[in-house]
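Participant: Turn these sequences into a full structure, and let the hints steer you where they fit.
2 protein chains.
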Amino acid sequence: MKDFVYFAPTEVVFGRKSEEKVAALVKKYGGHKVLVHYGGGSAKRSGLLDKVLGLLKEGGIETVLLGGVVPNPRLSLVREGIEICRKEGVDFILSVGGGSVIDSAKAIAYGVVYEGDVWDLYIGKGECYKCLPMGCILTIPAAGSEMSSGTVITNEDGNLKRDYGNEYCRQKFAIMNPERTFTLPPYQTAAGVTDMMMHTMERYFSQDDDMTLTDEIAEALLRTMKDEVFKVLKDPSDYRARAQIMWGGALAHNDVTGCGTSSDWATHQLEHELSGMFDVTHGAGLAAIWPSWARYVYKDNVSRFVRFAVNVMGVPNDFTDPEGTALRGIAAMEQFFHAIGMPISLEEIVGRPVTDEEIDRMAYLCSNGGTATQGRFKVLKQEDMAAIYRMAR
Amino acid sequence: MKDFVYFAPTEVVFGRKSEEKVAALVKKYGGHKVLVHYGGGSAKRSGLLDKVLGLLKEGGIETVLLGGVVPNPRLSLVREGIEICRKEGVDFILSVGGGSVIDSAKAIAYGVVYEGDVWDLYIGKGECYKCLPMGCILTIPAAGSEMSSGTVITNEDGNLKRDYGNEYCRQKFAIMNPERTFTLPPYQTAAGVTDMMMHTMERYFSQDDDMTLTDEIAEALLRTMKDEVFKVLKDPSDYRARAQIMWGGALAHNDVTGCGTSSDWATHQLEHELSGMFDVTHGAGLAAIWPSWARYVYKDNVSRFVRFAVNVMGVPNDFTDPEGTALRGIAAMEQFFHAIGMPISLEEIVGRPVTDEEIDRMAYLCSNGGTATQGRFKVLKQEDMAAIYRMAR
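Which chain is which? The protein sequence lines are G and C, in order. Those letters in the first sequence? Residues 1 to 393, by the working numbering. Those letters in the second sequence? Residues 1 to 393, by the working numbering.
No false leads were slipped in.
Which stretches of chain G does chain C cover? Using the computed rule of at least three CB atoms under 8 Å from a CB of chain C, they are:
(1) 218 to 224
(2) 234 to 245
The following residues of chain G were derived to be distant from chain C, with all beta-carbon distances above 10 Å:
(3) K51
(4) N301
(5) T320
(6) R393
Worth flagging that the hints you see were computed from the coordinates, not collected in a lab. We put the beta carbon where it would ideally sit given N, CA and C, even for glycine.
Facilitator: Here you go:
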């Protein structure tokens, strides 16, 4: 069992009409002039953005707007946000949207106070131990960025998707109203659930399989997400089911499902190269890669995969055949991904066969030119990464 | 499903030798002159107190000492602490001990900044929205005060045990080293586990039985505590099992096991009168009362007690007899309490039969002279309280 730090200081305000508390929360956390950051049209179309701007104005809070965040959020918009904040004297950033918007906001929040180039943080050339305070109104449960300590940004120059983070970028508050997710299309809903399940599975697949309580909590979360997603796909306005998923997405990535374990994160790293190169939906990319990762690594700790098969996927435990049980658990997860409309191969997600050159390029980038490994469950070198991409082809 | 706020901002530093980070943590949260608050002799005998004082001194942090906290911590010591902090210009309180020490520290932290009499807060005559910052080194996992927003104090004048709390009294940091709990005697260990299980059961027994994720997490925690306690009773130095219990105690009362439900808390309120009057161990008092509370209220939501019986206690679900399944779950919990050395009647815990007059007095106090109800699963009036005390006799 590993020592750990658990620090999830975000104030979560969860429920119907919770966005109405936005002005009070911004003030509580010291905001006077706020950058309101958002994505494409949905925040506008739904009327949420106008409602929020009205509430902030009523609360005597000045606002500056920056929209246009796209999935796999871009460095160029981050740079624009940094400039705006500095010029306008912004002292708080409010995100209205999903993980991409919050990730972009985190990058801006670091960049405003960091003296060097913000991209340096993402490529290991710098560290930053402060940032502007932030809050968010979550509309897409998926990335868990609303409680996490991480941010992922894509540099269009080279299609590099890289992550950075520490405790300072945790949101001061996260407003979560499940009703705001009723209009989320099935594909985004399913990709979101995949992402949140993977956040917990990256922590769950650990060689430290002696933190019982954490494992039990992780399994509880995985089972709930697995069951509830079918309910929202059937009835997108099922408040109760949407609420389980929204809250699950936050808990899946606030560290409570990983206390005392050593997380893996190889699937995430492999996926970052995929969505960096092909700009695919992150959750879908994870579904396309995980089964191949699992089949490549399961022999390094069969009993953990057996536990997953039995406790999460409901596979009968064949005590005479642990490997068979483990493999049936992986196959069941693959079937689950397919059943909710997720791809389970690179071809399915990219829309054409992925070439050897592309695979080699992704493995090269993911291993930082052969100098870095990924994962802890099984430590992956460049050739392992290429082998997994090929299995997933 | 209820709307909720989840806010558990305490930085938990968990693991072997974690107390060595104390000076850095006090500084991180702005402490310069610290009241070190502790209980009886165990913090001294174990050498922990001296170690901590040495580390703080090395870190250039001034200290003032106040020991002597007893279980069911007293108002008189709180008043003494307030006076010391004001006189000495203390700007941070560090607790070294268990829930009683932390609860006492919270009362002091409020009292130092509150202009009126601190007891007013506990009897509903005042509110306080700030307090001195605090941190703790936990040595007794039980009360969950290390992450909770509450404090319970006993006023010796009338033996009144009352609670108060809001987000401001949450600890800035909580240092948890499971090794520091190896010397905890079996009775304290078992009473601690009872207390933490009850913190989750108070949340779990709710009429809002539609927050699946929260229920699954609560059940995961209850099952883990129930199993791990036997391991530590058998081998008090089992680090892994001690760690499950220590972390479980914090999660049991940081609200994650109650998000979206409406908690009950009647058993706690009934127990407060018991330990106020007889000065018994809080966890043991809860064990003595819960089975009677459960049998008195279960008909108000049989299906919730069936779920508890099956998912937590492992009772086979007899679908033809839900009430029987529910009652077998309650009986199994009662057996569990007995198996870990807890009392399951008032006579067992007080050491003699409790008189009618004493029961009527407790019901009178618990209902604030017949003016207040307790509980939400079933709303209890004064006569219900007396009936439950009698069943538990």
